[in-house]
Amino acid sequence: MADVVATNETILVVGGGISGMTAALEAAECGKQVVLVEKSPTLGGRTALLYRYFPKLCHPVCGLEINLRRIRGNRNVRVITMAEVTAIEGRRGDYTATVKIAPRYVNENCTACGACAEAVSAEFPNPFNYHLNATRAAYLPHAMAYPQRYVLDPSLIGTPDAEKARAACKYDAIDLEMAEETLQLKAGAVIWATGWQPYDAARIQPYGYGRFPNVITSVEFERLADPHGPTGGKLLRPSDGKEARNVAFIQCAGSRDENHLRHCSRICCMASLKQTHYVREAHGDEGRSTIYYIDIRAIDRFEDFYQKVQKDPTVKFIKSKVARIAEDAQTGHPILHGVDTEGYHRYANEHDLVVLAIGMAPSVPAGDVPAEVIGDSSGFLEAAAGDGAIFGAGCATSALDVNRSVQNATAAALRAIQVVNKVARAEGTA
Amino acid sequence: MSDLNTQAVERYRNNFLKEVEENVEEGHWVKMCMQCGVCSGSCPFGPHWEHPPQEIFMMIRAGKRDEVLASDSMWMCTSCYNCIVRCPRKLPITHIMHGLANYAHRLGIAPKGQPTREFAKLFWDNMMKKGRVNEMKLTIGHYFRNGIGAGIKEAMAMKDVGLGMLKAKRLNPMELAGGHGLKDLKGFHAMVAKAKEIEDRKKGFVK
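If you read the sequences in order, they're chains Y and X. Take the first sequence: its letter number 286 is residue 286 in my numbering, and every next letter is one higher. Take the second sequence: its letter number 90 is residue 90 in my numbering, and every next letter is one higher.
Just so you know, these hints were derived from the structure itself, not from any lab. For clarity, every value in this text was computed on a predicted model and none was experimentally measured.
If you want a taste of the chain X side facing chain Y, the calculated C-beta under 8 Å gives, among others:
id	residue
1	Ser40
2	Gly46
3	Pro47
Just so you know, even glycine gets a beta-carbon here, dropped at the ideal spot from N, CA and C.
Kindly generate the complete structure, drawing on both the sequences and the hints.
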């Protein structure tokens, strides 16, 4: 990693999801030097964990592949994975970032042949399936992973399995002596694109997430629908592995709630409308989707998408925020209790599976960003303090869908470019 | 009391929401309700109400003055606070319910014979006499509210509980003869009168 050359004309991008990749590429394609730092072993972020995008229901691999190709073809972007920015000091045009790089235990000799994964037997909960299943502790994060290089989970180190993995590698790619490294990087401007995380559903106590196995979150439902997911693309419910035909979606799970997230997470209505397609895809006319909502907010220009779903006879809309969920001990069916707003009818509805349209919280709340920044009341990043050149991009700044994240990241790239251009003029290199 | 009601109707005409905001405790929160329904679904007494809280809030905004104030719904609230804890907008729903009940009572249009209201009146009058609640008189007053025959029947059904309390010295039969009160009863009455004066002024019951 010592070969990373960064100057005051470099743009540091923190976070390698769709926003960070976009910002890095837009700047790099304008001829700027960019260092892209990602905490996990692969680029792609949460976008790579979606089954399909709304509104066109295309697969994210497509957009991701285009971006990865752009990165491979551009000499101005330097990607560092498994790296975390722990401090940013300095000022506009002159920052020094401290970057901590966790050991991958696999070097660049790796050809992703998979021999190490076959050699080990130890497993760990798979973060790329939201821990719904386990994966071998020598693993490739997912099919689209970039870099295409295996990783050894730290739990493997010091066990006989680690030696087995090393022995199985024909390319001398496994280095069990690899240790944590710390780098100092110069940068003229920083783009902070650390993205979002699903709100902790267990904190919404009346919904029983964590107590009732058949109450899951919308991000987990994406993994169930994905052929690369834990169920091979079948909508099997966790308690007994039976097919979920009658699925309930609960909107505003954590969002628009003073007790949880104050903001509207924007994407969840469209996400649930989209996910009714998964139920239809799996079961045709036999499937049943029920959306419990306060009001449907089909963001952007997606009202037509909503209207199409409304016309689907297998999809029912109930205007009510569910008050609580109980479980039928015999069948494991969740039972939803509440009162609807259109007539105030009390209901107790049984479903096979409940999907909580979980809200978006910032991955790194503004208060935890290791630099002087200003956040809003939900912890999203608003701006750098003073005239700093730390720019938020994507879901680090607000709850956004992929489309808006890309727009937002492009804007951040433009702001960063202006800063390094000024530095270049001052240093006489422009 | 009906004078007060007529005055209020005159003053607010078709703006019941404004009337509630100005006269009902925590009434200014009513406009914040987003009609999600969590309070209604969370209420343990839910199925027994004519109108759940969510509906009451909508009725207030729709100007259904008579239906709201004459309703027995808010008198059913047991103050379990489930709704307050769960309300996504943090409305103090329990307090609003009691505020509405109190306002309807002051206007003299609360439902007659509603058990919670009757007991509350009994409790208040009992407490005002000596500055503290005389449990013997309160219990007897409650049992005999529907006449002597019903009272004897109810008292007999509860006699084991009463005897148990007697044995445990939780109930003193001597209290029936007058009973003891506060040391400064005059001061207590003056304090309550002052509080009522302030409340009346705040709620516009006096000009």
